[in-house]
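Residues per chain are reported as follows:
2 protein chains.
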Amino acid sequence: MKAHVYVTLKRTVLDPQGQTIQGALKKLQFRSVADVRQGKYFLLTLADGTSRDAAQKEIDRIARDVLTNPVIEEYSFRLEE
Amino acid sequence: MKAHVYVTLKRTVLDPQGQTIQGALKKLQFRSVADVRQGKYFLLTLADGTSRDAAQKEIDRIARDVLTNPVIEEYSFRLEE
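Going line by line, the protein sequences match chains Z and B. Here the numbering used here is used: the first residue of the first sequence is 1282, the next is one more, and so on. Here the numbering used here is used: the first residue of the second sequence is 1282, the next is one more, and so on.
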């Protein structure tokens, strides 16, 4: 089973990296992009035989406690067989 | 319209950052995780009135030419109304 974890800055937190990318896209004439936010993506491969329930709990704990800084970031994840 | 772009290292490329995270998870007793790969995630907001077709083309070009280093990385993206 695989888990895809997405960690992004909270909406209220300034994202200078995203703004820099947006500025670059504007200079490169990509005019349709109104905003860019950058985040992190983790692909976790789980050991064979992990049940979906156990995976759900484990990944939630990993995302919350290890991969995310709860002061400025939020996370979401999805499991894939 | 929003575009979610995921950039990951190619399967054949070593990912020391992912390995470090996996080592940390192991030490923290998360035993079900067999492998970790880290990538980047971009959330692009497109200007109102961009058609789905135009967005598809534009985001593909942006992902390929700006957000991804084609030597070591690959990308995927999805559009969301």
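Incorrect hints may have been included.
Copies of one chain are not kept apart here, so a pair can be met inside one copy or by any two copies together.
Claimed, not checked - Once the Cα atoms are required to be at most 20 Å apart in a straight line, the calculated SDA-like pairs of lysine to any residue come out as:
1) K1307 <-> V1347
2) K1307 <-> T1293
3) K1283 <-> A1336
4) K1307 <-> T1331
5) K1307 <-> I1353
6) K1338 <-> D1296
7) K1291 <-> G1330
8) K1307 <-> L1290
9) K1321 <-> I1302
Note that these hints are calculated values from the structure, not bench results.
A quick look at each hint next to the structure:
With identical chains, the CA atoms of K1307 and V1347 are at most 20 Å apart between copies only, with a shortest distance of 12 Å across copies and 35 Å within one. For a Cα distance limit of 20 Å, the shortest separation of K1307 from T1293 qualifies neither inside one copy, at 23 Å, nor across copies, at 33 Å. In the homo-oligomer, the alpha carbons of K1283 and A1336 lie at most 20 Å apart inside one protomer (9 Å), although the nearest pairing across protomers, at 29 Å, exceeds that limit. In the homo-oligomer, the alpha carbons of K1307 and T1331 lie at most 20 Å apart only across protomers (16 Å), although the nearest pairing inside one protomer, at 46 Å, exceeds that limit.
Proximity of K1307 to I1353 under the C-alpha cut-off of 20 Å is found in neither arrangement, the shortest distances being 27 Å within a copy and 25 Å between copies. Taking identical chains as interchangeable, the C-alpha atoms of K1338 and D1296 are never at most 20 Å apart, the minima being 30 Å within one chain and 26 Å between chains. For the homomeric pair K1291 and G1330, neither the shortest alpha-carbon distance inside one copy (34 Å) nor that between copies (26 Å) is at most 20 Å. Taking the closest pair of Cα atoms, K1307 and L1290 never come within 20 Å of each other, the shortest separation being 22 Å inside a single copy and 26 Å across copies.
Taking CA atoms no more than 20 Å apart as the test, K1321 paired with I1302 passes in both settings, with 15 Å inside one copy and 13 Å between copies.
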